[in-house]
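Each residue of the sequence shown is one higher than the one before, counting from 18 in our numbering.
Honestly, I wouldn't trust all of these hints.
[What the hints assert, rightly or not] Quick list of simulated restraints, FRET-style, between CB atoms: (1) S67 x N185: 26 to 34 angstroms; (2) A108 x K177: 37 to 45 angstroms; (3) T155 x M62: 28 to 36 angstroms; (4) N185 x A52: 17 to 25 angstroms; (5) G198 x D106: 38 to 46 angstroms; (6) I103 x K33: 22 to 30 angstroms; (7) N129 x M94: 56 to 64 angstroms; (8) T155 x D178: 16 to 24 angstroms; (9) H179 x I107: 43 to 51 angstroms.
Calculated directly from the structure, the hints in this document are not laboratory data. Computed from a prediction, not measured in an experiment: that's the story for all the values here. Glycine is no exception: its CB is placed at the ideal position from the N, C-alpha and C atoms.
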Amino acid sequence: MSSKFKTIANGLKLVKIHRAIKFSQKLYTRMRRDARNRFEKDFWMLLINSIFGKCMKNVRTRVSLKLIELYTLKNLMAIHQHKETIKFDIAIYVESAILDVSKTFMYDFHYNVMKNKYNNKIRLLYSDTVSLIYNIRTLKFFNDIRYNLFPYFDTSNYPKDHFCFSENNINQPGYFKDEMGGKFLKEFVSLRTKLHAYVACHGCTIKTLQHGKTIFFYFIAGSKKRLDIYRTNQSELCSKKQLKAIKRVGTTRWMSISFVYLQFLKH
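Use the sequences and the hints to build the structure in full.
Okay, structure coming up:
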């Protein structure tokens, strides 16, 4: 079912279609799927991401900059000119289609699969374009995967002696993978998209930071379920040849919950 019909099935009322764009699309993830090592896998993933990034460029923000050197003054000047014409030659519909397909998979899995399965026993802690982190209250989560959720998962990264291990859906598009490889999260904190950290039950600490300033996460050990802490983040700003130090105080909320499963799923 396409994303349009899925949104209508979930309550969206379609009033009018103003215009539409038709284009052909082909699968281009085969090389990453057939990668034989980590380098090839990361290489093809970055190549695919670069194509996606090229298709989402905003040509309106491009500048016209010219460097001029005056022999009399022996100075080099940069002149910023306004563009007289803007050529819209970027296939932004590719970016729109990719995000549309990805969000359709994510929303359909969350609302029609996980919410139907666990009802009020599940809470979504974090999500982005391709990732979901859940707080699930259940007795045996792996039994749920094996007997109820198996058609939606790629469990090829589980240990081979794990009873949920299977290579039937290995690296296939459209399936979710447990990023922890069968292990659970003990603590998790997220400030915004692409800025989160977590501690696994086996003691491994993972910190993710993209497109932001360096922030150090402090994990609190103990049995408290929730604890608000304050940390100061000092940054330096340069304005009119004067260096100023500005302190910002941010609030972070930490979770350390017993008898629940914190699961990190990635599409």
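Status of each hint after checking the structure:
{"no.": "1", "hint": "S67 x N185: 26 to 34 angstroms", "result": "holds (31 angstroms)"}
{"no.": "2", "hint": "A108 x K177: 37 to 45 angstroms", "result": "holds (42 angstroms)"}
{"no.": "3", "hint": "T155 x M62: 28 to 36 angstroms", "result": "holds (32 angstroms)"}
{"no.": "4", "hint": "N185 x A52: 17 to 25 angstroms", "result": "holds (18 angstroms)"}
{"no.": "5", "hint": "G198 x D106: 38 to 46 angstroms", "result": "holds (43 angstroms)"}
{"no.": "6", "hint": "I103 x K33: 22 to 30 angstroms", "result": "holds (29 angstroms)"}
{"no.": "7", "hint": "N129 x M94: 56 to 64 angstroms", "result": "holds (60 angstroms)"}
{"no.": "8", "hint": "T155 x D178: 16 to 24 angstroms", "result": "holds (22 angstroms)"}
{"no.": "9", "hint": "H179 x I107: 43 to 51 angstroms", "result": "holds (45 angstroms)"}
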